[in-house]
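There are 4 protein chains.
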Amino acid sequence: MNQSKTYTFGILTSGGDAPGMNSCIRAAVRMATFRDARMVGISNGFEGLINGEFRPLGPRDVGGILQRGGTMLQTRRSDRFREPKGQREAIRNINEAGIDGLVVIGGDGSLRGAHTLAGQGVRVVGVPASIDNDIWGTNMSIGVDTALNTIMEAVDKLRDTASSHARAFLVETMGRGSGYLAMMAGIVCGAEMVLVPEVQLTVEDIAEAVEDAYRRGKTHAIIVVAEGASPRAADLAKMLDDMDIGFSTRVTILGHIQRGGSPTAFDRMLAARMGARAIDALIEGQSDVMTALQGRTIELLPLEEVIANLRPADLEYYHMAKMLAR
Amino acid sequence: MNQSKTYTFGILTSGGDAPGMNSCIRAAVRMATFRDARMVGISNGFEGLINGEFRPLGPRDVGGILQRGGTMLQTRRSDRFREPKGQREAIRNINEAGIDGLVVIGGDGSLRGAHTLAGQGVRVVGVPASIDNDIWGTNMSIGVDTALNTIMEAVDKLRDTASSHARAFLVETMGRGSGYLAMMAGIVCGAEMVLVPEVQLTVEDIAEAVEDAYRRGKTHAIIVVAEGASPRAADLAKMLDDMDIGFSTRVTILGHIQRGGSPTAFDRMLAARMGARAIDALIEGQSDVMTALQGRTIELLPLEEVIANLRPADLEYYHMAKMLAR
Amino acid sequence: MNQSKTYTFGILTSGGDAPGMNSCIRAAVRMATFRDARMVGISNGFEGLINGEFRPLGPRDVGGILQRGGTMLQTRRSDRFREPKGQREAIRNINEAGIDGLVVIGGDGSLRGAHTLAGQGVRVVGVPASIDNDIWGTNMSIGVDTALNTIMEAVDKLRDTASSHARAFLVETMGRGSGYLAMMAGIVCGAEMVLVPEVQLTVEDIAEAVEDAYRRGKTHAIIVVAEGASPRAADLAKMLDDMDIGFSTRVTILGHIQRGGSPTAFDRMLAARMGARAIDALIEGQSDVMTALQGRTIELLPLEEVIANLRPADLEYYHMAKMLAR
Amino acid sequence: MNQSKTYTFGILTSGGDAPGMNSCIRAAVRMATFRDARMVGISNGFEGLINGEFRPLGPRDVGGILQRGGTMLQTRRSDRFREPKGQREAIRNINEAGIDGLVVIGGDGSLRGAHTLAGQGVRVVGVPASIDNDIWGTNMSIGVDTALNTIMEAVDKLRDTASSHARAFLVETMGRGSGYLAMMAGIVCGAEMVLVPEVQLTVEDIAEAVEDAYRRGKTHAIIVVAEGASPRAADLAKMLDDMDIGFSTRVTILGHIQRGGSPTAFDRMLAARMGARAIDALIEGQSDVMTALQGRTIELLPLEEVIANLRPADLEYYHMAKMLAR
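Chains as they are written, first to last, in my numbering: chain A, 36 to 361; chain B, 36 to 361; chain C, 36 to 361; chain D, 36 to 361.
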């Protein structure tokens with residue numbers, strides 16, 4: 036892009052929120068200031084883009100948000116943005132506000148939305164944020180590390196109390212389509228078993244494995260169950276209770292606490308690097324790309340590629356969890 | 036008791052475990068040492084008393100347990116102790132081990148067991164430990180403060196994410212017979228509503244209150260639901276989702292993570308004071324009493340009185356939670 | 036006061052900030068709304084009172100502050116308020132704004148300021164907030180419990196690493212005039228020694244006690260040192276290193292992190308109760324009093340009495356820390 | 036190595052301890068069991084190797100250590116191991132115990148010790164653990180992520196209280212030779228300034244930068260100072276207080292709390308992967324190598340190369356911290 040011009044860039048967060056989004060907004064705004072560009076914050080995701088919920092964001096406006104969960108720009112679902120009419124309104128608002136490029140922070144659906152805008156001539160850079168770590172092309176998405184630590188701290192507390200009772204504790208984590216969080220939690224918490232959508236087990240298999248742990252002398256069993264595993268944790272607990280496996284079951288459903296909390300150092304750093312890189316990419320004239328962590332560096336990948344591919348399951352972690360549980 | 040004799044005291048933990056039990060064991064052992072008494076640790080509660088699971092505990096044996104959740108002596112249910120036969124065996128073991136007095140740390144059922152032993156001539160001091168704070172006569176039981184902070188930290192995370200969506204978050208806390216934790220959590224977390232066993236509401240009442248919050252412009256609603264409230268959180272969520280209240284619902288069930296975790300300063304201090312006081316009470320010749328926090332001091336109350344009375348519901352906190360939610 | 040009138044009350048925070056101040060502001064504002072009174076927030080303490088930094092505070096203005104450390108109204112030192120001229124300006128501003136009563140949240144100096152205003156005809160209720168717990172008449176001041184837990188979590192981390200080295204760790208806590216935090220921390224952290232301004236020890240005494248712990252086989256020693264102890268932690272470490280006591284020393288100075296952090300459940304609850312009580316006291320026509328926790332209830336004490344008395348040192352805790360360290 | 040033989044491997048931790056060492060020990064032991072090998076735990080590092088402080092470690096011996104800071108095998112400095120005589124005794128003990136290979140977990144000095152043993156015919160694999168992240172060849176060492184989060188949580192607390200006062204807070208972090216932790220902390224905490232050994236600034240430069248922040252209207256300044264920066268934090272504070280820079284200074288010295296604490300998910304995972312890889316490397320017949328995180332994979336690097344190279348300073352993070360502080 037033209038280095039002598041003063042650019043104006045927009046930024047929005049979309050989809051399920053993820054810890055670290057604020058750190059990303061802050062870095063983008065500060066980097067833009069550093070590059071003599073102006074920033075416009077767009078509230079409520081694509082819905083706010085259609086409604087024209089715009090406001091200027093200067094370096095002082097993003098002070099004190101670094102340690103906050105959630106997103107200062109809010110997110111919202113937008114059915115209207117799925118229709119050509121909504122997209123047209125969004126693009127008209129972008130043009131009227133003199134926005135030269137857009138940073139879209141969010142998960143898979145948000146990146147699809149970003150790609151749609153790029154296809155209609157808007158300069159867009161996507162930033163992956165999704166606690167499920169289900170986005171193709173980046174080692175880690177913003178929010179994953181915080182969510183994993185939240186799960187871990189909860190399971191650590193369970194383990195304190197677990198050792199005094201012959202009990203099987205079932206802990207349901209997020210992850211409808213991806214068992215990433217559950218598998219990683221299994222390893223870092225030392226769970227006795229992990230149930231994920233990627234690996235189908237019968238209730239009989241599960242019962243036998245738990246019973247076997249009981250016979251080997253384990254005083255308790257912690258089972259991490261991804262939301263997308265079948266059956267779900269609450270139903271599985273009832274089935275196991277009917278099967279006399281040695282342990283009685285107790286259920287914890289973590290739910291949305293996994294989306295909240297002050298972001299970890301890792302998430303703040305990843306978000307800061309991606310936010311800063313997104314602004315530089317826009318200034319370099321890039322569009323229709325996503326920032327991606329590959330090894331130690333932040334690369335740019337075509338959004339088309341990102342949304343066309345499914346992130347493969349990291350089943351090595353599934354096997355590692357199993358091996359370490361012995 | 037006789038000051039020139041070297042006493043031997045036993046200590047056990049019983050019932051659901053509570054953070055701070057270890058701090059209480061440590062203080063009792065160190066105080067006994069200070070008073071030139073010997074301590075015997077009894078594993079697995081009354082069941083261990085029947086089985087003779089005894090071991091000497093010196094000051095070094097209780098080093099490094101202060102910050103640990105759970106109990107180093109384990110707890111277990113004991114059906115055998117409900118029968119005269121089991122009680123006889125327990126008492127024979129106490130006598131054979133030369134135990135001059137017993138410290139029993141636990142909840143309501145454990146204190147009843149302690150009173151039973153006292154009625155048969157065993158010198159016993161009870162220490163109240165129960166995260167539900169449902170024991171009569173003491174302002175606070177060991178474990179309550181930690182459990183409340185655990186709930187609070189979980190709800191704080193929910194609030195981060197809550198503000199971005201028109202959602203009602205239902206959080207189920209422990210408390211089958213008592214809404215204490217839920218009411219207190221409602222105040223310290225700023226919940227929009229609290230549901231407890233002590234106050235019966237119809238689903239229609241609840242739906243109306245949530246809808247009203249929606250109409251007044253609240254962007255979300257956090258509802259803390261005690262385990263003993265009717266209907267339970269998961270069922271209530273389904274009912275509300277069928278009723279079109281403006282918000283869609285999400286459920287978190289905290290479960291046994293409320294029993295774990297490193298104890299707070301308050302619980303460590305309360306446990307230390309009660310553990311030390313229990314030993315002094317035994318040396319003074321007291322029996323069939325419980326240590327109780329009243330104001331700033333640790334008093335001794337007859338166990339008979341403790342177990343004969345139901346702790347009244349602190350409904351002033353229910354009203355306070357309501358008033359502050361406006 | 037007159038029940039049919041719509042009252043307007045002001046609220047300010049002053050002195051060193053303490054976790055829980057926001058919870059107190061929130062409760063006062065919500066209680067005022069509940070009682071049909073209006074609230075005015077005064078920024079920057081007495082300095083803001085002189086400058087007229089006033090703004091209306093409604094129930095929505097205090098949403099989302101419950102979990103935040105610090106104070107949304109800020110605090111500041113005010114030399115001008117010590118002079119009659121400053122006080123006159125403050126009172127004129129109070130009258131011009133139609134303020135019928137004032138809630139002053141802060142420590143000893145702030146309560147003196149509140150008493151001064153009351154002496155000149157302003158209706159004032161003080162609320163004790165000071166992490167040092169050095170205010171006479173209330174069992175606990177707002178912020179103490181959070182500060183104590185912050186210290187405890189830091190020392191717990193030290194203990195993890197301490198056991199691998201023959202080291203003495205000196206941890207300096209706040210408390211220039213009061214050893215309260217250091218003594219309590221000594222108990223809840225299981226420190227080997229506590230140094231407080233209330234008990235004078237020579238460096239030789241200290242060295243001997245540490246050396247004795249070394250000889251008894253302790254692998255490490257944690258020494259909690261109040262800021263007001265003599266010598267201070269950093270100087271003491273140098274002296275001990277010159278004395279060959281078996282351990283080498285390492286120093287941690289916690290500093291102002293003790294004033295920050297999200298308030299604990301205890302502090303949020305204490306602050307909520309005191310904030311609500313302060314508003315009710317003003318409506319009842321009370322003035323020149325402080326809310327005080329006595330046992331389980333919030334009482335009102337004359338400010339004159341509060342500031343005329345020194346809180347006695349809780350030396351029983353000093354002895355308890357010593358006894359439990361064996 | 037010979038796949039039909041039952042191998043015996045030793046494991047020790049050495050140098051300054053780092054959170055995650057226990058997770059690494061656990062993974063190595065469980066992986067060895069999985070591969071039908073035996074494990075021997077060596078206490079107190081190289082000193083224990085000389086003294087023959089050996090004990091068998093089975094899968095149950097490493098249960099429940101995952102969440103603990105410190106190291107279950109302890110560490111100690113060993114002057115004797117620097118001498119040929121000490122090394123000879125160590126090697127004789129290794130041979131007498133039938134140890135076929137050794138896992139050495141520790142920092143730079145420990146890896147040098149490992150290389151020395153390898154040079155004398157002992158099969159050794161090193162695992163990098165050092166909160167300073169000062170080891171060449173691996174993106175991250177075990178313990179860094181936990182230490183960084185510990186610093187971050189402390190500074191987050193400071194920021195709560197900082198905004199109410201015109202103060203400059205100086206926070207000293209570990210890092211005698213490396214400013215890594217300080218630079219990363221500067222970014223994730225949003226510090227106004229970072230002082231590291233790699234970049235020399237005069238006190239005048241520092242004072243001017245702080246004064247400039249004051250003039251630009253910053254209400255406070257947080258300055259992260261690595262232990263190896265000159266002057267050190269406590270001295271710098273005194274100098275700044277003498278220079279009238281608009282802010283008064285307050286000092287926090289974090290000290291050894293940075294070495295403790297329950298390891299983060301990242302550290303537990305990194306440690307688990309490295310511990311498992313170290314065992315596999317020994318079985319594959321590798322020696323004189325270190326496990327290294329490169330991108331997403333764990334590689335093996337020659338120890339000779341690791342100890343011959345200095346990790347270059349990541350000054351891009353220094354500049355990023357500066358840019359984001361605006």
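Certain hints may be false.
What the hints assert, rightly or not - Far from chain D, by Cβ distances over 12 angstroms, these chain C residues were calculated:
id: 1; residue: Gln155
id: 2; residue: Ala189
id: 3; residue: Arg194
id: 4; residue: Glu207
id: 5; residue: Val234
id: 6; residue: Met278
id: 7; residue: Arg294
id: 8; residue: Ser297
id: 9; residue: Ser322
id: 10; residue: Gly330
Stated by the list, open to error - Stretch by stretch, here's where chain C covers chain D in the computed footprint (C-beta under 8 angstroms, at least three residues):
id: 11; segment: 100-108
id: 12; segment: 276-288
id: 13; segment: 294-306
It should be emphasised that the hints constitute simulated quantities derived from the structure, not laboratory data.
Where a beta carbon is used, it is the ideal one built from N, C-alpha and C, also for glycine.
Hints the structure fails to honour: The structure breaks hints 2, 3, 4, 7, 8; every other hint is satisfied.
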